[in-house]
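*Asks:* Let the sequences and hints guide you as you build the complete structure.
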Amino acid sequence: MQRADATPRGQLKNPYSDGDAAVVESGHQSYLKYACSGCHGGNGGGGMCPPLTNDVWVYGGDDDTLFRLVAYGTDALQAKGYGRKGTENVVGPMPPMGQIVQTDDEVWRILAFVRSNYHGAPECKFGCGSD
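Our numbering puts the first residue of the sequence shown at 1028, with every later residue one more than the last.
One thing to keep in mind: the hints can contain errors.
[Stated by the list, open to error] Pairwise CB distance ranges, derived in the manner of DEER restraints:
1) T1114 x H1146: 14 to 20 Å
2) M1075 x K1040: 29 to 35 Å
3) A1148 x Q1056: 26 to 32 Å
4) A1148 x N1116: 16 to 22 Å
[Stated by the list, open to error] In silico PhoX-like links for lysine-lysine, alpha-carbon gap of 20 Å or less:
5) K1112 x K1152
6) K1040 x K1107
7) K1040 x K1152
No lab work stands behind these hints: they were computed from the structure. Just so we're clear, the structure is a prediction, and the values are computed from it rather than from any experiment. Glycine included, C-beta positions come from ideal geometry on N, C-alpha and C.
*Replies:* And the structure:
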């Protein structure tokens, strides 16, 4: 996750499409492997933490913000100046998964899987309003 520290804010972009079935499937496998489903549900529909399938992006829906959220977790993301933009049922902070997920590539694949399961307003798939 060193790339997140080395790259200026707003410049991280997912190299994968959520329309690539092989990428989405490998992202789903990593999503399950790293227990994302324990909090966000098996396909991202929510559980004890926010769903990943609707148009509420708590910190923003752009690739850069989502990558940093996964890498740093919510506490460090907030310490880096990111604020909440949306409201969801949140029972606790998201842990810094960058310490667990082994590569940037896996994070991008997980995010492609998340985007492939998005069911919110089409215009908000990559962020909505002030995202």
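*Asks:* For every hint, state whether the structure bears it out.
*Replies:* Hints versus structure:
no.: 1; hint: T1114 x H1146: 14 to 20 Å; in the structure: 18 Å, holds
no.: 2; hint: M1075 x K1040: 29 to 35 Å; in the structure: 30 Å, holds
no.: 3; hint: A1148 x Q1056: 26 to 32 Å; in the structure: 28 Å, holds
no.: 4; hint: A1148 x N1116: 16 to 22 Å; in the structure: 19 Å, holds
no.: 5; hint: K1112 x K1152; in the structure: 15 Å, holds
no.: 6; hint: K1040 x K1107; in the structure: 19 Å, holds
no.: 7; hint: K1040 x K1152; in the structure: 14 Å, holds
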